[in-house]
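Chemist: Protein sequence lines, in the order shown, are assigned to chains H and S.
Residues in the first sequence are numbered consecutively from 1, following my numbering.
Residues in the second sequence are numbered consecutively from 1001, following my numbering.
Note that these hints are calculated values from the structure, not bench results.
Certain hints may be false.
Distance windows between CB atoms, simulated [to be verified]: (1) H:D360 / S:T1088: 37 to 45 angstroms; (2) S:E1246 / H:R309: 37 to 45 angstroms; (3) H:G45 / S:S1135: 27 to 35 angstroms; (4) S:D1277 / H:G115: 38 to 46 angstroms; (5) S:R1029 / H:A356: 44 to 52 angstroms.
Virtual Cβ for every residue (Gly too), placed ideally from N, Cα, C.
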Amino acid sequence: VGAISALGANAAATWEGMIAGRVGIGPVTLFDTSGDRTHTAAQIGEFDAGRLAPARELRRASRGDLIGLHAALEAALDARIGRAGGDPRRMGILLGGGAGGLLQAEEYLQAALAGRRPAPSRALGFFPATTADRIARDLGLRGTCNTVLTACSSATIAIGMAAALVASGEEDLVLTGGVEALSRTTYSGFNALRLVDPEACRPFDRDRRGMSLGECAVILVLERLDDARRRGAPLYAEVAGFGIAADGHHMTAPEPGGDGIVRSMRAALRSAGISPDDVDHVNAHGTGTEQNDRAETAAVKRVFGERARRIPIVSIKGMVGHCLGAAGAIEAFATAMALRDGVVPPTAGLRTPDPACDLDYVPGAARRVALRVALSNSLAFGGNNGTLALRRLDA
Amino acid sequence: MRAVITGAGAVTPFGAGLPALVEGILAGRSAVGPEPMDGAWRRALWAARVRDPIGPGPFSPMAWRRLDRCSRMAALAALEALASAGETARPAAGGAGDGGLTAEVGVVLGTMSAGVEPLRDLLTALFREGPQSVSPMVFPFTVPNAAASQCSILLGLKGPNLTVCQMEASGLGAIAAAAMLIEEGAAEAILAGGVDEAPSAVVEAWSRMRILAPARDRRFRGPFDARRAGFAPGEGAYVVLLESAERAARRGARPWAEVAGTATVHARGPAHAWPGDAGEPRRAVSLALERAGLRAADLGYVAASANGAQRLDAVEAEALGRALGSAAERVPVSALKGALGESAAGCAAAALLAALSIRDGFVPPTAGLADPASGVRLEVVGEARRGPVRAVLVNALATGGTCVSVVLSRPAA
Chain H
1 VGAISALGAN AAATWEGMIA GRVGIGPVTL FDTSGDRTHT AAQIGEFDAG RLAPARELRR
61 ASRGDLIGLH AALEAALDAR IGRAGGDPRR MGILLGGGAG GLLQAEEYLQ AALAGRRPAP
121 SRALGFFPAT TADRIARDLG LRGTCNTVLT ACSSATIAIG MAAALVASGE EDLVLTGGVE
181 ALSRTTYSGF NALRLVDPEA CRPFDRDRRG MSLGECAVIL VLERLDDARR RGAPLYAEVA
241 GFGIAADGHH MTAPEPGGDG IVRSMRAALR SAGISPDDVD HVNAHGTGTE QNDRAETAAV
301 KRVFGERARR IPIVSIKGMV GHCLGAAGAI EAFATAMALR DGVVPPTAGL RTPDPACDLD
361 YVPGAARRVA LRVALSNSLA FGGNNGTLAL RRLDA
Chain S
1001 MRAVITGAGA VTPFGAGLPA LVEGILAGRS AVGPEPMDGA WRRALWAARV RDPIGPGPFS
1061 PMAWRRLDRC SRMAALAALE ALASAGETAR PAAGGAGDGG LTAEVGVVLG TMSAGVEPLR
1121 DLLTALFREG PQSVSPMVFP FTVPNAAASQ CSILLGLKGP NLTVCQMEAS GLGAIAAAAM
1181 LIEEGAAEAI LAGGVDEAPS AVVEAWSRMR ILAPARDRRF RGPFDARRAG FAPGEGAYVV
1241 LLESAERAAR RGARPWAEVA GTATVHARGP AHAWPGDAGE PRRAVSLALE RAGLRAADLG
1301 YVAASANGAQ RLDAVEAEAL GRALGSAAER VPVSALKGAL GESAAGCAAA ALLAALSIRD
1361 GFVPPTAGLA DPASGVRLEV VGEARRGPVR AVLVNALATG GTCVSVVLSR PAA
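For reference, chain H alone in the conformation it holds in the complex (with noise of 0.2 angstroms):
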């Protein structure tokens, strides 16, 4: 694994920020919000980018392909890829992306606006591919690299693609995970639909006032597990499934009942071949929008039925923000943590539960408990839902 976020640099601050319920919002300063409603967001703080590339290649670089270089970096030395052999060209790379080039991009357009003549080049980061394309070149992987931008599952549903072409034997190793980071554009976006809370979000809290919006890259690296073990990689979770759903309903709001989420959880379930009953925790999308929070309750209600409120249900998007077309894949990550340490991170921000949401979200302090399987949810822009299942791998 490798990740940065607004809790640290790394996979193991970032966890260890997670455990310790650290709240990783704070000003924005990477554009002006003074014209926004809200000022407030999970932002990474200084990197070093300077290791990541030559200096003419760093400045045409978006903050998106910067990120996902260093999180990449730190994913293939930690799953220590290029020991004992390995095939580059049955290596890939399938993301979740969204706005990573879109701060460039701004930069150009606001330039050209302004009746400048900004290098052509500065607008071709924003194309979605960008970051990918780029990982796979520098790490010289040779095999399958594909982007996927269904907005906030991106990630999600990019995982559970990279574990079916492992699976299906298409490639040997792939990188995965997802990749976001923060743009006038989501920024003022969601500000305009009213979706973002001026302080911390707060998920499932009954004085939840939104979202807060965050970036960050996390990549995954996927492979068999013999292959893994041969070659001393540290194992962290197996990926038993995954399933895809769309709510069909509208384009900025989940079906109220969770119908779309509830299938999508079902096909997860059905995919790792596993029941209802086999899953003691999922890490939840829980934005800390008033219909996100009681539509995914309601679909956790309807997918466990009594067993809903023993099971652990956990957003961190309180202490990491709402990372879009990343949030899959931090969150992803935060799942195979908890399996593989057994410990679930606390829903920092929760402090009185909104009464329509009325199952256990670990308010307070991170909580040590025995796990054996994890759903991971994404909602999305467009009903666009996925849902990732783990396995811890002794279980």
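Fit chain S to the given chain H structure using the hints.
Modeler: Quick look at chain S alone, frame taken from chain H:
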């Protein structure tokens, strides 16, 4: 489970619908025309534009007026694909569709431009007037998955819904991804293909990078032409209905073709440039053929990715020559981008026509080819040919390095 193609739909620079597309292509016409000189920095150049207005057809005008162009093109193509396959999904008066028996159908679209025009509108308001002028109606259409999502919303399609970007290989990559989801059992039926428009900001940037064909000749010099000097941006939506062979048999639908083999590889090269050498594109072709269990000599033709760019066409010609080996002398090669322009959806158009060619028995011609380049040792098809086609290799090479090859073949009886 094998994935078969049982229907298709398109919105194209030749007009909306398969008949307009097939007629234009088989006549050897090109939809590439000169661009109006409306951009401040733009040189005279070519493009294959889809003419407005698009739709609404049977869709609700109330729902239609909210949609961006890519969503409109995709929805019309999706509707035609379902109808041509004998599916029952229909748009509903209130906007949200009733999937009926086809509610299980998924959507996988490839695009590199969906959302860019709405994004430009949003940012223009943001930079000129400030955040308070950003429209909550426009923002949801800045996400690239709006088009695929609108197909789901308008037609009530509740299966897996996703959008992928592999630059100019996106549409074919979407078909390959959908075939994988069906083979893995994650879905039984998926509308798959590509949608793209040519946003003015992108065309301007490309034009200033001098990678677009200049409009200095009387006509666009396209794929494999000796005087080619760049590509022409294209627009359109091209969608096929993929389903498991079992589902098609169950409902009595006759498959046009089956997805026999797919391969995706990544080639070295500079950022934002076409693959730098023929090695990896050649490997994608060989892998797709191997996975299909076919030899090069079994191919009725090759649908090439060539678009008129100097390097792309030369690299692909070398890759195809090496992958086809001795069969290169006999297997015809056809390239559509002289007719339809280059886009993330162009390779889906090639796959759609390949499925039709297997069903109906033809090889589409290469429009925009006047003087064949001497270095291209391939049997490039000048005029349409008639005759049975057993299998087609569809090739897509993309800037950034991704190469997708897909073999479609006559469905097993």
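Chemist: Could you run down the list of hints and mark each one as holding or not?
Modeler: We went through each hint and held it up to the structure:
The beta-carbon spacing between D360 of chain H and T1088 of chain S, approximately 43 angstroms, falls within the hinted interval of 37 to 45 angstroms. Taking the beta carbon of each, E1246 of chain S and R309 of chain H are about 40 angstroms apart, inside 37 to 45 angstroms as hinted. The hinted range of 27 to 35 angstroms is satisfied by G45 of chain H and S1135 of chain S, whose Cβ atoms lie roughly 32 angstroms apart. A C-beta distance of roughly 41 angstroms is found between D1277 of chain S and G115 of chain H, which places it inside the suggested range of 38 to 46 angstroms.
A C-beta distance of roughly 60 angstroms is found between R1029 of chain S and A356 of chain H, which places it outside the suggested range of 44 to 52 angstroms.
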